[in-house]
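Undergrad: Quick mapping for you: the protein sequence lines, in order, are chains A, B, C and D. Per the UniProt record's numbering, residue 1 is the first one in the first sequence, and the count goes up by one each step. Per the UniProt record's numbering, residue 1 is the first one in the second sequence, and the count goes up by one each step. Per the UniProt record's numbering, residue 1 is the first one in the third sequence, and the count goes up by one each step. Per the UniProt record's numbering, residue 1 is the first one in the fourth sequence, and the count goes up by one each step.
What the hints contain is simulated information worked out from the structure, not anything from laboratory work. Hints may be right or wrong, so weigh each one.
If several chains are the same, the list does not tell them apart, and a pair holds so long as it fits within one copy or across any two.
[Said to hold, decoys possible] Mimicking BS3-like on lysine-lysine, the simulated pairs with C-alpha atoms at most 25 Å apart in a straight line are:
hint	residue 1	residue 2
1	Lys-156	Lys-249
2	Lys-272	Lys-249
3	Lys-295	Lys-278
4	Lys-72	Lys-272
5	Lys-159	Lys-272
6	Lys-279	Lys-268
7	Lys-272	Lys-282
8	Lys-72	Lys-295
9	Lys-268	Lys-278
10	Lys-165	Lys-151
4 protein chains.
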Amino acid sequence: MQQDKEESVIFMESQYTKRATVAALEDLLYHPIPVLDHGFIRVIDYMGDDSAVVQAARVSYGKGTKQVNQDKGLINYLMRHLHTTPFEMCEIKFHIKLPIFVARQWIRHRTASVNEYSARYSILSREFYLPDPDHLAVQSISNKQGRSIDKMPQAKANKILDTLKNDALNCYQHYIEMLNEDEQGNIIDETSVGLARELARMNLTINYYTEWYWKVNLHNLLHFLALRADAHAQYEIRVYAAAMLNIVKLWVPFVYEAFEEYRLYGAKLSRKGINVIKKLIKGEKVNQESSGMSKREWEELLQIIS
Amino acid sequence: MQQDKEESVIFMESQYTKRATVAALEDLLYHPIPVLDHGFIRVIDYMGDDSAVVQAARVSYGKGTKQVNQDKGLINYLMRHLHTTPFEMCEIKFHIKLPIFVARQWIRHRTASVNEYSARYSILSREFYLPDPDHLAVQSISNKQGRSIDKMPQAKANKILDTLKNDALNCYQHYIEMLNEDEQGNIIDETSVGLARELARMNLTINYYTEWYWKVNLHNLLHFLALRADAHAQYEIRVYAAAMLNIVKLWVPFVYEAFEEYRLYGAKLSRKGINVIKKLIKGEKVNQESSGMSKREWEELLQIIS
Amino acid sequence: MQQDKEESVIFMESQYTKRATVAALEDLLYHPIPVLDHGFIRVIDYMGDDSAVVQAARVSYGKGTKQVNQDKGLINYLMRHLHTTPFEMCEIKFHIKLPIFVARQWIRHRTASVNEYSARYSILSREFYLPDPDHLAVQSISNKQGRSIDKMPQAKANKILDTLKNDALNCYQHYIEMLNEDEQGNIIDETSVGLARELARMNLTINYYTEWYWKVNLHNLLHFLALRADAHAQYEIRVYAAAMLNIVKLWVPFVYEAFEEYRLYGAKLSRKGINVIKKLIKGEKVNQESSGMSKREWEELLQIIS
Amino acid sequence: MQQDKEESVIFMESQYTKRATVAALEDLLYHPIPVLDHGFIRVIDYMGDDSAVVQAARVSYGKGTKQVNQDKGLINYLMRHLHTTPFEMCEIKFHIKLPIFVARQWIRHRTASVNEYSARYSILSREFYLPDPDHLAVQSISNKQGRSIDKMPQAKANKILDTLKNDALNCYQHYIEMLNEDEQGNIIDETSVGLARELARMNLTINYYTEWYWKVNLHNLLHFLALRADAHAQYEIRVYAAAMLNIVKLWVPFVYEAFEEYRLYGAKLSRKGINVIKKLIKGEKVNQESSGMSKREWEELLQIIS
């Protein structure tokens, strides 16, 4: 994997282009941004900028958009009214290194192009994810749907980290032995044979790192980020989303601002939720029972308005 | 087109199945529901029901969903939290007859399967859409984005309808003459030749009717309906959406109810909108200027809360 | 539409970029390539080049691809073995002007991003497609599936062209009158009202020109071209495909060469077809009857091998 | 997982339906077909049959298809000429249990709907894949792209299987201890806390079994099968593809037959390959050098024609 990485790290020389170009993103091109203990995300290529969104919208809405005479206002309008197709006119390509269990969540977003490092053909590096002790959360008892905010007691945390590390190393050692090849692909015992790579890999734990190229348009990227930068997402994917939010902010600042305003920090109301708010504004009293909402819905509403 | 229609109208005989079956939808199967002056929509096939959504969610969330012990509550939860994949487990297939300009809007929804009647291979019938005089709306001056609520003066409306009708008939007459074939495909003048169908069709106006099979999963159908049953959608596509809403209600009543509650009659708030509401609930005064919102956004917010 | 066109024609100034850049395509950027009588296609933006395909493949196949030590050989290998994902790593965006009936075929390819000029919001220009007399083909009698190779007799061709032109002009004249606006959007009669644009457009024939931005990845573009540059495709879409083939050749020359070799000038054999070929190579006699193929299949096979 | 499985195994009672129904598939509904050591595949629901494909094609091609007067001939025609949209009119839903590393290959096919059992919310069962000794293939030295046909020596095979088994069991034991919950979700030590499930799972090896619902249309299913039932696919996914081929054969026998004839047992020729065949048929001599093909291509061609 080392060799391949070096190959792909080669920095391109600057050349002239007449394409839309974003200086702030050029500075970032090819530079890996560290995520988790061994992961990274780096921008390999991009297409379009804020004005590419505007350009597409103006073709669609033609003279009808002349009144929205500022690009920023138009972008806000598109975001607010779910006119999503102009956002598809921008594209970005990342090179990402991430644990397999994160990759498994990520790949569920189907509207992207992916080329993943294949352990069927190549040998995986001895790199696996170990959580920071601060992130070794206790299982939530109340809702069974994720981590509680409680952390592990120190001693128990250490024991868990030891276990994770030992099992990962032990499995890797056996992986290498079964392959009869070392990490660099050198045959270990010339008098013996190795198990097919596509089989040996099954002995690795799902915290091993994989790599891929992931290419996506801006609309689908924002959808991904709305779900994965959310507090309900697992921490280990959320940190990748956070890194990408910063990239989007540099790349398409007007779009990013609209995304924050209307999606990231916006909220959805149900019909019952709207009724509650109308009553509250009028100064009427309303509680969970009279709202007709479930306890959970009621709490979610209170979180929005208080 | 007549022959083909007859073919496809053949009612299937009832048979036994162990698949999920919805009695209310069975009654509707194959029956065309009239839409506009010559259009229709009819259900040809379907897969799944409310419990197929629940079943898929329970596999995904496993024991974590046991607390949501009622199917209806689970469906509400999925709809509220944008857990959309279980809704993909239901599928429906429609046969639809619609004007070409409506088909052009419709087809922009890419996540569906379509087989359209092809005027490249077959002769289109002499059927075109003429609006009801009540729907001959005046162009809106204020926003240039659609109809105003004003109707045409009666005399002008009649003149317009005459023009639309005459031009459509005139174009069709020439279509037939160029083809040298009548509507049933009989050659008109044996001593002459006809223009290729794929070319002759270019003389038809875009209010001519076309037909297609349209197959879509429930998630994508709801997304389509959220956009096309909306007041901002053009009337001529909205009536098809309205017909489909009734079908969804019969097919998956729990899903439909959740869709009404959380999407159709729900609303989105921006970050600024949330702040306005917080202030209003506290009894503070706030107006457009102090809200930081544009005039249009402010009006949209007032529509939600008043 | 004029104004909008001018806006979007603005040539970008050259800037530095570290992204993959293709000099031959830079020269072509923004320049409209004429297609049909009023249409065009122009490249607005692109992402990636031949080496982006190679880079993605090398990540996927890792050291396993080291033996294919030349980029060109690797691209051939990918094309031959349907390893399509690396071709998704390149993206291109076109601005295209095309007749509505061509747009209707085109849009059936769902895996692309589109922003179309909307006659709901804007006024269409008085530009419609009239075939060159040489392309006024007669309907094929034998297979009913398209044009025959016979052309219209001169006198009949002239009459047809007159009809197409008159009907298009007549419909446009009424479109403008119903709108009560001229082509530039100026109100014609201040004392009257205009019909909503979304309605008036229904009076236009489907040979009127529309415009859109069309963005697609290289894999999906090649799939589009394989179908639409084919002899079975309608002439009016084939000329757009032909223009795009030239663009692809400039953009990704290795990919283009592989595409020609393995798809455009390649062929598919059925199981029966393979058997026929095996016999022919052995010098055995075989005819349609003994081949087990239908007459049509047999003819298709003969076209490949003779 | 036991409980959930029981829930979803409940056999539906037979009901009347007017939908297209396939008796041979009804018999198979809900019954798990064993695959690998602990996996299975079972049909949960389906929509359409051979005649649904024909029906859609006849709408598309209208009277133009009348000459192809038999359904079977029409289906062959569609398959041969890549008219793929009618095949999208059929849909099937499977419940599948499969090792994680197989699921990782499978999910790369994006055009399907998936709901997977989530180890974020639920506890995985102690079930992992161990290859049959007969499938413990040696890594191919020649092409680095998969297994060679050589099997492991018996003693080495036993040692490898012991390692795989021990590591999987060891990792699972630690998984349970970190969770502080047993396989059924009962807390083990009431005085302690458990690690969040979304974290603990990272200690499992990728041969552990997962489950999902997988819903796909017939066109995309055939594409999946063409790639995954192929000899180049990894054995462990190929056995699932083989099981699905049998299901397709029962469900849509005409489509299946066409699929075999034109895809599964068909072949592709390059431009150079066509030239070679033409020469061979004429009795001319041609070898790899004179063909202009690479050594590998030449061998692939020989495999087709000999």
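Undergrad: Report the numbers of all earlier hints that the structure fails to satisfy, in ascending order.
TA: The structure breaks hints 1, 5; every other hint is satisfied.
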